[in-house]
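In case you want the letters, here they are:
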Amino acid sequence: MATSLSPLASRLLIGGWLGQLLLAGGIALVAPIPVRPLVIERRFCSESQQEALLHRYRQLVLRNRLGIERFRPVILYSVYGKQEHDELPAASALGLASAAGDGNRQQAAQLQDNHPTALVLRCQQAP
Amino acid sequence: MTTRSLLSLSIAAAVIGGGVLANTALNPPVTSFDSSMERLERRLLPSITVESALTPAALASAGAPLPMAERLPQAAAFPLHGSPADGITPSGSTLRVEIVSSLEKADNQRASHRWLVDAAERFNQRGERGNDGRRIEVVVRPIPSGLAAQMLVAGGYRPAGYSPASQQWLELLRLDGITPTLLQPSLVGNRSVIAVRGAAWKQGGGGPLAFGPVMERTLAGQLRMGTCNPYLCSPGLDFMHTLLWTTAGHAGQGGALQAAELERGSIQRSLELFQQRVSRIDPTYIEQIEIWKRRPEALDAVVMAEQSYRQLQREPGFGDLVAVPFGAEQGSPLVALPWTTGAERQALERFGRFVTSSPLQTLARSQDFGQPSPVPDGARPPRAGGELLRKVQRLWKQRKDGGRTVYLQLLVDVSGSMNEDNRLSQLKRAVIVASGAINSGNQVGLISFSDKPTRLMPLQPYDANSRARLLATVQGLQANGSTALYDGLAVALHDLMQARRRDPNGRFHLLVLSDGLATKGLRLEDLRSVIENSDITITPIAYGDVNDGELRDIATIREGTVYRGDPKRILPLINDLFQTTL
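Protein chains in written order, with our numbering: chain D, 1 to 127; chain V, 1001 to 1582.
With the rest of the complex left out, here is chain D (with noise of 0.2 Å):
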């Protein structure tokens, strides 16, 4: 059997939804979107492992969508050279399938301390 509530405790509901979202966008408003580096390495993968690497990239842009959290500058590398965007390229520009070659670790290292605070995407491991 349903309960109904009071009205006054209906009000109070509301009125601490209402405030909760009040004080989320306050708290939007006051701190700002986290930004941070985006790295992404492009090596030799596998097919499932391109998939998988793209499935993290495509949750990464809606995050970047929902304003969530930005991505700043976005580096891609490989053994062949680094390009950097300012803004996360489509997925269809990362041209995870025509990547070759194995990791380029110096570039790796190089990156890592230049943008320590960086989220790096790789393949977990070329076959």
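Since the hints were derived computationally from the structure, they do not count as laboratory data. Don't be surprised by glycine CBs; every beta carbon is placed ideally from N, CA and C. Worth double-checking, as some hints may not be accurate.
[Claimed, not checked] Some chain V residues close to chain D (C-beta under 8 Å, calculated; not the full set):
no. : residue
1   : Gly1221
2   : Arg1224
3   : Thr1246
4   : Thr1247
5   : Ala1251
6   : Gly1252
7   : Gln1253
8   : Ser1266
9   : Leu1273
Following the hints, position chain V against chain D.
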């Protein structure tokens, strides 16, 4: 205008229009692979009588591999330059010293590629004498570096000196048990580059032009690149070594490429991916330069020697060409060989000093050798030893097709004129030898033509059985009759196009060898649009002293090039083409 005139005009227009419509209905335009196939099957093949003469399996047992020395051309097949008495045995008062040299500096037929010949002529005019009082005479024989190394290893050819285009060939010689003695580390400055069209690079987004980014764009399908066979072509071997060194992650970290790294799946599959994206692989880059000159938009980048790049840059339409230098320091060394006598060695040392002197180096610069461009660290691997270079060559051969099956249809002219000058017998020998260069799993077929085409061996996967069948079939070839070139071409194209329908990812090649003009059957115009839309790479060989205009026309339709062969040189030519294609 009277009513009668108007009526006549209307009738005439109707007749012409009707004719055009009827013609269009009977001969619909060929604009695609499918319509090309339809034209072949409905209009062209029904008018051709095709014979079939398959070699019985029982006979298909011939073809024991020839020893190495017999698989290679004789040195006499290549000209000798530098002396007024070229080819004549010198008298006892002359010490003739022969140097086998790479083509970019000893090709007498091209004014810009004959620096070493000029140098030999100038040296000989000085009338220098050896310690024993004999007059020194230096002669130069131009043979591609890789082929010359194979001939030296095989024995039977023993020149006093060897001057390949790069040190890499010396490493390979050492690996094969021949230890050369270095007399001059570098006669002229040269280096490997990727020549890139500036406009194509900008179109792909521009940015710093370097080895890594060029590879990245090629892999992404944004740059159409041509490379050459690393068994034959110095920049091709240099390129493959640098590519693998970079791919294994050494470009940023230094260190040499290790043989064990070539075993890694990631490296092998990366190379396969790269090979899938490469637009053209030819025996040498000379063919690609020819295609580029004819149609500058055919390729965006070609691996070549810097000297060739400098010459090409002056050609109309190539002003925006940019060079990306890469590779280890190679030089263009001069070496003595284990069999070189003391007197010959002294003569070579004198010649070496002469050609590295200031006036001769000035002459070299006038032929675009000059100071090689510096290579950034990221594109300069340490020099590789022979064992590693051999592994690099083998890996290229295994992976060059990028995981795709290659289909090669051989279309061979057996008209009566093939009996002249041992043409047919030398061709048979060439195919038998070159069959050893075919990767198993690829498919090979053979069609001959004279009065009419004859299917001798349908396209079939290459293995020990099909090799035996191919060899027996080739040995059974007999020449007579006229030259129904285009009838043969139509049948060969059709077989390959059927294979393409079954395997759209394959690579399809048609090698046409003919010693004359078509004398009967279809004409080129009947086939032009079919060839255009066939998706088949056609490589004609003009065999013997023939007018190659017709074959050139065939090649041009699909951006190919014509090779010229004669009975003396058909063997290395077919071998090079098989090794590169198959």
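Structure-based check of each hint:
1. Gly1221: Holds, because the Cβ-Cβ distance from Gly1221(V) to chain D comes to roughly 7 Å (cut-off 8 Å).
2. Arg1224: violated (14 Å)
3. Thr1246: Check passed: Cβ of Thr1246(V) comes within 6 Å of chain D, closer than 8 Å.
4. Thr1247: holds (4 Å)
5. Ala1251: Because about 6 Å separates Ala1251(V) from the closest Cβ in chain D, which is inside the 8 Å limit, the hint holds.
6. Gly1252: Nearest chain D Cβ about 4 Å off; hint holds.
7. Gln1253: holds (5 Å)
8. Ser1266: Hint on Ser1266(V): holds, closest Cβ of chain D at ~4 Å, below 8 Å.
9. Leu1273: holds (5 Å)
In this structure, the one hint that does not hold is number 2.
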